[in-house]
Amino acid sequence: MLTYSLKRLAQLFVTVLGVVTLVFFTMRMIPGDPISAMAGDNLSGAALDQMRGQMGLNDPLLIQYLKYLGHLAVLDFGNTVTTKLPIVGLILGALPVTVSIALGTILLTVLISIPLGTLAAYMAHKGHRMLDNIITGVAMVLDLMPSFWTSLVCLLIFSLTLGWFPASGTVSIDDPGQLLRRVALPVLVLSMAQVATLARITRTSVLEVLSEDYVRTARSMGWSELRVLFRHALKNAALPIVTVIGLSFGNLLNGTVIVEFIFTLPGIGNLLVGGMNSRDYQMVQTLIVFYAMIFVLINFTTDLIYRVFDPRVQF
Amino acid sequence: MKSFSRSWLSAAFIAGVTLFGTIFSAPVPAAAEDKTLIVRFYDDPAGFDPANIFRIENENIAFNIFSGLTTYDSKTGQIVPDLAESWETKDNITWTFHLRKGVQWQKGYGEFTAADVIYSYKRILDPATASPYVSELTGIDTMEAPDPYTVVIKLKAANGNFLHTVANYHQGQIVKKEAIEAAGDQVRWKPVGTGPYYLDSIDVNSRIVLKRHDGYYKGPAPIATLDFHIIKDDATAAIALRNGEIDLLMRESKEEQLQILKDAGFKMNHVDNYAASIKVLNLTDPILKDVRVRQAIAYAIDYPAITAAISPSLQAPAYSLLMPWMDVFSKEAPEYKFDAEKAKKLLAEAGYPNGFTLKVLNTSAQGVTEQQQFEIDYLSQVGIKMELELVDTPTYNQRRNKGDFMMAGRLLPAVNPDMILFSYLHPDNIAPKGLNGARYNNPELTSALEAARAEADPEKRMDLYAKVQKIAMTDLPYIPATASNVYWPSKTNVTGVTINYLAQVNFWEIDK
Chain A
1 MLTYSLKRLA QLFVTVLGVV TLVFFTMRMI PGDPISAMAG DNLSGAALDQ
51 MRGQMGLNDP LLIQYLKYLG HLAVLDFGNT VTTKLPIVGL ILGALPVTVS
101 IALGTILLTV LISIPLGTLA AYMAHKGHRM LDNIITGVAM VLDLMPSFWT
151 SLVCLLIFSL TLGWFPASGT VSIDDPGQLL RRVALPVLVL SMAQVATLAR
201 ITRTSVLEVL SEDYVRTARS MGWSELRVLF RHALKNAALP IVTVIGLSFG
251 NLLNGTVIVE FIFTLPGIGN LLVGGMNSRD YQMVQTLIVF YAMIFVLINF
301 TTDLIYRVFD PRVQF
Chain H
1 MKSFSRSWLS AAFIAGVTLF GTIFSAPVPA AAEDKTLIVR FYDDPAGFDP
51 ANIFRIENEN IAFNIFSGLT TYDSKTGQIV PDLAESWETK DNITWTFHLR
101 KGVQWQKGYG EFTAADVIYS YKRILDPATA SPYVSELTGI DTMEAPDPYT
151 VVIKLKAANG NFLHTVANYH QGQIVKKEAI EAAGDQVRWK PVGTGPYYLD
201 SIDVNSRIVL KRHDGYYKGP APIATLDFHI IKDDATAAIA LRNGEIDLLM
251 RESKEEQLQI LKDAGFKMNH VDNYAASIKV LNLTDPILKD VRVRQAIAYA
301 IDYPAITAAI SPSLQAPAYS LLMPWMDVFS KEAPEYKFDA EKAKKLLAEA
351 GYPNGFTLKV LNTSAQGVTE QQQFEIDYLS QVGIKMELEL VDTPTYNQRR
401 NKGDFMMAGR LLPAVNPDMI LFSYLHPDNI APKGLNGARY NNPELTSALE
451 AARAEADPEK RMDLYAKVQK IAMTDLPYIP ATASNVYWPS KTNVTGVTIN
501 YLAQVNFWEI DK
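Heads up: the protein sequence lines correspond to chains A and H, in order. Numbers 1 to 315, taken from my numbering, label the letters of the first sequence in order. Numbers 1 to 512, taken from my numbering, label the letters of the second sequence in order.
Be a bit skeptical, because a hint or two may be false.
Claimed, not checked - Simulated restraints on C-beta separations:
| hint | chain 1 | residue 1 | chain 2 | residue 2 | range |
| --- | --- | --- | --- | --- | --- |
| 1 | A | Arg28 | H | Ala115 | 51 to 57 Å |
| 2 | A | Ala46 | H | Glu178 | 30 to 36 Å |
| 3 | A | Val14 | H | Lys359 | 43 to 49 Å |
Claimed, not checked - DSS-like mimics (lysine-lysine), calculated; alpha carbons at most 30 Å apart, straight line:
| hint | chain 1 | residue 1 | chain 2 | residue 2 |
| --- | --- | --- | --- | --- |
| 4 | H | Lys289 | H | Lys232 |
| 5 | H | Lys267 | H | Lys35 |
| 6 | A | Lys67 | H | Lys402 |
| 7 | H | Lys107 | A | Lys84 |
| 8 | H | Lys262 | H | Lys512 |
| 9 | H | Lys402 | A | Lys84 |
| 10 | A | Lys84 | H | Lys232 |
| 11 | A | Lys84 | H | Lys122 |
| 12 | H | Lys512 | H | Lys75 |
Please keep in mind that the hints were generated in silico from the structure rather than gathered at the bench. C-beta: ideal position from N, C-alpha, C; glycine also.
Turn these sequences into a full structure, and let the hints steer you where they fit.
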């Protein structure tokens, strides 16, 4: 277990270094830079160039890269190029919002799609294709609706017509009630797409194990269908489901961009898009490093959870 | 395992109950003694240091925090006194400003004096400040304060437009030395001015709160707190207004949302013709260097019809580089009313009877716009094949600067007509050094422009500017396309919202 963790840690280091290098150079390969993004329309070329010099953007690329690595080595992520604010502070400020959305979405998705997928599998197994088809069909339609559209529809229905949730307003971790009211709609929108994926995976995996011998044995022991389904079938079908949940969580952390924009939530996605649009190299680089670390961490956690469901898994 | 799942279940149950309780418990309303105005802000704030400020929305905050020696009348766009009560000049070289007495700085920094004016301008001129607006003040030769309420500024050359330079905008905004020094490298987030509001708190991701400066020299503003909520999406902003979550919507830029808000009975505060959107024609291009080709393009496109068709509220046709409300605007300059036959004739004369391919560089920010589709269609009717090349905004800015384009676009957001003409038509400002993206150089226009800037006699000055506009609109390095209108819809009880010609609002005038 310890060697495994150390190995993973070494992997993390290599991954992050690779990601950092890749991002550093690709960001600078994209035409345009922070200065022209910030003031390109109103300032002359000479004024822009002077500002570039001030920010060290006229230095040779290799020098800039080495300087950046130097700062990174001592965990100095620096300030944003455009607003001069400490990046770590901004990320930590935005993190609770995005994590709330991602966690809420996963929770809602699991609560809906696992029973739904299991039921669909059971029905299919029993030969009742109708319900199975309905569930699969609805999941597919939900999956294919673009989130910017469902977001606006949800705003119109739940915010404007019914008045249940505000469309704007401050979000702070210090006011959990307001936070929940503000993330409720984004969670709903994001869950729609996630439910589809997870329900399908659940259906397939459960359907597979339903014809296994031990399920027949469990039945023959006289246990109720529900118990057989959820205790025996679902638990044995859990590995692919856990994998998908883990991946979804990672994707959600950076996939909240559109809903954050429409629902005006100051989360990580908001920072990333803002950083990208303003060519804030420092901001984008730090966020990507952050994402890389999150993904490695999630994969690690997912592996650990495998053991809970299947003790045969060894590290 | 059994006990584990049971305790897990009960924990989930408790969490669920708490969750419901918090969602549906109503928020406690705050005591409503002092009025608060909730305003939509449409992008991440980038800071409010006058020396390094960009984009209208940030400038609008600074406009309410700071003051200049002069400012702009909200309705007419004309220069009016601000911190300077009056001024005089005989030759447009030596300017004497008489300052208002008893003006108080925000946050207890004492009384405003002439030393603050000199410090502010010197700060812009100091290379260490690295202000992009330094070129606005490099014309200053000497500055003196004979007493605390008088500033005498001597220029290197006559400049009849100096009152624009010292207005409440960018380099003209007066800062306080002690406050700047106390803020260190966070100046942009700790502004201290003499304006009607001061910055109380800011969360760069979601909110900006301004509070009333009770010592403001014109008297305290009616609204005690301005609470700016960052709402980036235009549709969401409109819903927030309809929901009553905000009082005033800074800049709605979607035509269909404007229609909905109008129908719902909201107050549609707006300013028309605040800035022209122009086509930049690269004169180094072998085809476009022929003036007949440029005129043909202008004749070929019917902008009045286009704006009426796609955005009757947000746009109007433009006929000149300057807007009709500007003091030196001339009606004598040629206009190019839609005339396809004339366009064809000019093209034939220039040697392109079958047209040519016009490559148009633009930003991909809005995708292919309806306006561009119309332009393609109009140009094709005279034989010009318009090819669109859409790139992202930073690339667009860079390629425009380098001259790597045939035709591109620009917005002219400025209230100072002299600055527009100088930046876009004077050979000293040819890009990448300046904003003259067309690479235009006509000595006749240049000398008229320089003479106009120096001329002290208002009538002669007007004549010279008229000449400049006439030459510019004949040579046509830029084709005026549309003029933008800006909308700030609000609840009906919000009064006094006047958007000035910088697309800014003076919040001191607002009540609810």
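Going through the hints against the structure:
1. Arg28(A) - Ala115(H): 51 to 57 Å: violated (44 Å)
2. Ala46(A) - Glu178(H): 30 to 36 Å: holds (32 Å)
3. Val14(A) - Lys359(H): 43 to 49 Å: holds (45 Å)
4. Lys289(H) - Lys232(H): Violated - the C-alpha atoms of Lys232(H) and Lys289(H) are around 41 Å apart, more than 30 Å.
5. Lys267(H) - Lys35(H): holds (19 Å)
6. Lys67(A) - Lys402(H): holds (29 Å)
7. Lys107(H) - Lys84(A): Holds, at roughly 23 Å.
8. Lys262(H) - Lys512(H): holds (19 Å)
9. Lys402(H) - Lys84(A): OK: Lys402(H) and Lys84(A) at ~28 Å, within 30 Å.
10. Lys84(A) - Lys232(H): holds (21 Å)
11. Lys84(A) - Lys122(H): holds (23 Å)
12. Lys512(H) - Lys75(H): It holds: about 20 Å lies between the C-alpha atoms, which stays within 30 Å.
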